[in-house]
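Visitor: So you can see what is in the structure, the chains are spelled out below.
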Amino acid sequence: MDHLLEIRNLKITTLRGKDKVYLLDSVDLSIRKKCSFGVVGESGCGKSITASAILGLLPYPLRVAEGSIRFDSRDGEKELLKLSRKEMRQVRGEEISMIFQEPMTSLDPIFTVEMQMFEALSFHHPGMGKGEMREIALEMLHRVNIPRPEQTLASYAHQLSGGQLQRIMIAIALINNPRLLLADEPTTALDVTIQAQILHLMNDLKEQRDTSIIMITHDLGVIAETCEEVAVFYAGQIVEQAQVVELFTHTAHPYTKGLLRAVTSLGGAQRKLYTIPGIVPPGGQWSRGCRFAERCEQCMEKCREEMPALREIAPGHFCRCFLQDREVEA
Amino acid sequence: MKRKDRPVAGRALPGNESILRQLWRDPMGRAGMIGVGLVILMALLAPWIARFDVAKMNSKAKLAAPGAEFWFGTDHFGRDVFSRIVYGARVSLEVGIVAVGIAAGFGYLLGMIAGFFEGRTETLIMMVMDVIFAFPSILLALFIVSALGTSILNTMIAIGIVNIPVFTRTVRASVKTVKSTDYIANARSIGLKKMKILFRHVTPNVLAPFTVQATLALSGAILTEASMSFLGLGIQPPNPSWGSMLSDARKYMERAPWLVLFPALFIILTILSFNILGDSLRDVLDPKLKL
Chain A
1 MDHLLEIRNL
11 KITTLRGKDK
21 VYLLDSVDLS
31 IRKKCSFGVV
41 GESGCGKSIT
51 ASAILGLLPY
61 PLRVAEGSIR
71 FDSRDGEKEL
81 LKLSRKEMRQ
91 VRGEEISMIF
101 QEPMTSLDPI
111 FTVEMQMFEA
121 LSFHHPGMGK
131 GEMREIALEM
141 LHRVNIPRPE
151 QTLASYAHQL
161 SGGQLQRIMI
171 AIALINNPRL
181 LLADEPTTAL
191 DVTIQAQILH
201 LMNDLKEQRD
211 TSIIMITHDL
221 GVIAETCEEV
231 AVFYAGQIVE
241 QAQVVELFTH
251 TAHPYTKGLL
261 RAVTSLGGAQ
271 RKLYTIPGIV
281 PPGGQWSRGC
291 RFAERCEQCM
301 EKCREEMPAL
311 REIAPGHFCR
321 CFLQDREVEA
Chain B
1001 MKRKDRPVAG
1011 RALPGNESIL
1021 RQLWRDPMGR
1031 AGMIGVGLVI
1041 LMALLAPWIA
1051 RFDVAKMNSK
1061 AKLAAPGAEF
1071 WFGTDHFGRD
1081 VFSRIVYGAR
1091 VSLEVGIVAV
1101 GIAAGFGYLL
1111 GMIAGFFEGR
1121 TETLIMMVMD
1131 VIFAFPSILL
1141 ALFIVSALGT
1151 SILNTMIAIG
1161 IVNIPVFTRT
1171 VRASVKTVKS
1181 TDYIANARSI
1191 GLKKMKILFR
1201 HVTPNVLAPF
1211 TVQATLALSG
1221 AILTEASMSF
1231 LGLGIQPPNP
1241 SWGSMLSDAR
1251 KYMERAPWLV
1261 LFPALFIILT
1271 ILSFNILGDS
1281 LRDVLDPKLK
1291 L
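Going line by line, the protein sequences match chains A and B. Heads up: the first sequence is residues 1 to 330, going by this note's numbering. Heads up: the second sequence is residues 1001 to 1291, going by this note's numbering.
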């Protein structure tokens, strides 16, 4: 397998009453080995459920309706959607781990950090002794730059700060050396200086441990800082995908352009902050045409009638927009 | 030395000692603990405290007023009210604890199942609970006892069944809250089994509301037992129960008011103590109320 993870034609549905409603519609993603892949988009466009689907942890009543997720694990290629529950548990934590948005609530409040690190270790290494586990836990805390690891091990979640907790969450996620780390808005709940530290830490760890990262965020700054490749999600679809530099320099899709214009900056002339009008249409209320049409400044008649395809407009740069067709034709 | 270096805890760490100590620090909690403690002591030490046999009739001292020999007076059979009150505490606590045990046990199990395994199982369990819940509890308890026959065990079972829905609902609601937290998502993402998550992470995190509910249900159960005994379908004579003592006393209320006064007083104080203790316990166990 060339890629670490290949998602093909992934469709996720939920139930609204008795109706099936699509939340994710034919998503294709390929994650290279040792790569940071960014997934960006507004709330409710399918970023987080894609991550949940990879881990097989979609909450009821969400389910994968169609598609395949192939993963190049240590013991060969696996189709994640076809694994038994037991096999899937082996993948979780050991091959693929996840860190969440809210570090403050990601640790169980009634157990110490040590107990929760041991839990992650002992599940995948049943025979491991306490001394050895302690050594590994201390080593991991040291790696994520936790000062005074011994004391931290004996602490409860409420005794630690958000930044420290997110470091601990990263330590727990990486303790079994997974090949893929899913980071769902890992820095959103942290203040800006801590954000930068956490992002640097994740970059360093990726280099040291050959772990690929899927970084889910709504912050293009985070993408620019950490990722090599990026996919822009809108209403359950990928609307644009490219190498990071390409995406920022040759932005093609009107939605991505809107996102970039909506980024605040300190330099430059003072102007009113740009916002894209409207909201993401919720699943089940998508038009048959382009899903961004309602909010697009360059919307044409064709856009309301027909869905544009995701086409390669430059090597490695994909975009789902009729405007690009016109430019290519012209 | 190592302890000193640790960051100072902002709230209670798990552990019984610290919870009891915090209860004691709260004046209301202290009052509740003392009240409940006295009732428990009374029940445990009944054979030593009681001055007469509870069932022994004394035809020479019918309806005697409170005095040096009969502290709380005697009833129409000449039985010592004080001794009957003391043994009555035993009955009340026994019924309360066993009934709450039944209710809490089943309620916990059903609530866990309903909360953790959503879908049809949950709908079914909650529907049955709603049906039980829809009856006035005393009416349902009386119905169950008249179906099973009157005995102390059946009284306990009846009160237990009536209280199951409250526990099921409390546990189900807490399980759902805990289940949607990030630390459960995190536990799943490191590969832990569902059952392990249920017992290791969910169970201890729902214990706080559960404990508070149990304390409050205890007072409710004692009150229900008193009401049932008052109506004649609870504890049967000659066993002393505060409720049946009240019931017997009705006819002699004007001639011997102490027959009403003392059982009523003990019912009120016991219920009050348990309720205060429950409220205080809720404050101690809920860290959010302390900020």
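Just so you know, not all the hints are guaranteed correct.
To be verified - 30 Å max Cα-Cα, derived DSSO-like pairs, lysine-lysine:
1) K78(A) with K1179(B)
2) K1060(B) with K78(A)
3) K272(A) with K86(A)
What the hints assert, rightly or not - Simulated DEER-style distance windows between Cβ atoms:
4) D1283(B) with K18(A): 37 to 47 Å
5) L15(A) with V1131(B): 24 to 34 Å
6) I1040(B) with E42(A): 55 to 65 Å
7) M115(A) with R1021(B): 18 to 28 Å
As the list claims (entries may be wrong) - Here are some, though not all, of the chain A residues that point toward chain B, as calculated from beta-carbon distances under 10 Å:
8) L62
9) M88
10) Q90
11) E102
12) M104
13) L107
14) D108
15) I172
16) G221
17) A224
18) E225
To be clear, the hints were calculated from the coordinates, so they are not data collected in a lab. The beta-carbon is built from N, C-alpha and C at its ideal position, and this holds for glycine as well.
Visitor: Against each hint, give a clear statement of whether it holds in the structure.
Guide: So, going through the hints one by one against the coordinates:
no.	hint	in the structure
1	K78(A) with K1179(B)	holds (29 Å)
2	K1060(B) with K78(A)	violated (92 Å)
3	K272(A) with K86(A)	violated (53 Å)
4	D1283(B) with K18(A): 37 to 47 Å	holds (45 Å)
5	L15(A) with V1131(B): 24 to 34 Å	holds (27 Å)
6	I1040(B) with E42(A): 55 to 65 Å	holds (59 Å)
7	M115(A) with R1021(B): 18 to 28 Å	holds (24 Å)
8	L62	violated (12 Å)
9	M88	holds (8 Å)
10	Q90	holds (7 Å)
11	E102	holds (5 Å)
12	M104	holds (8 Å)
13	L107	holds (6 Å)
14	D108	holds (4 Å)
15	I172	holds (7 Å)
16	G221	violated (24 Å)
17	A224	violated (27 Å)
18	E225	violated (24 Å)
Checked against the numbered hints listed earlier, the structure breaks hints 2, 3, 8, 16, 17, 18; every other hint is satisfied.
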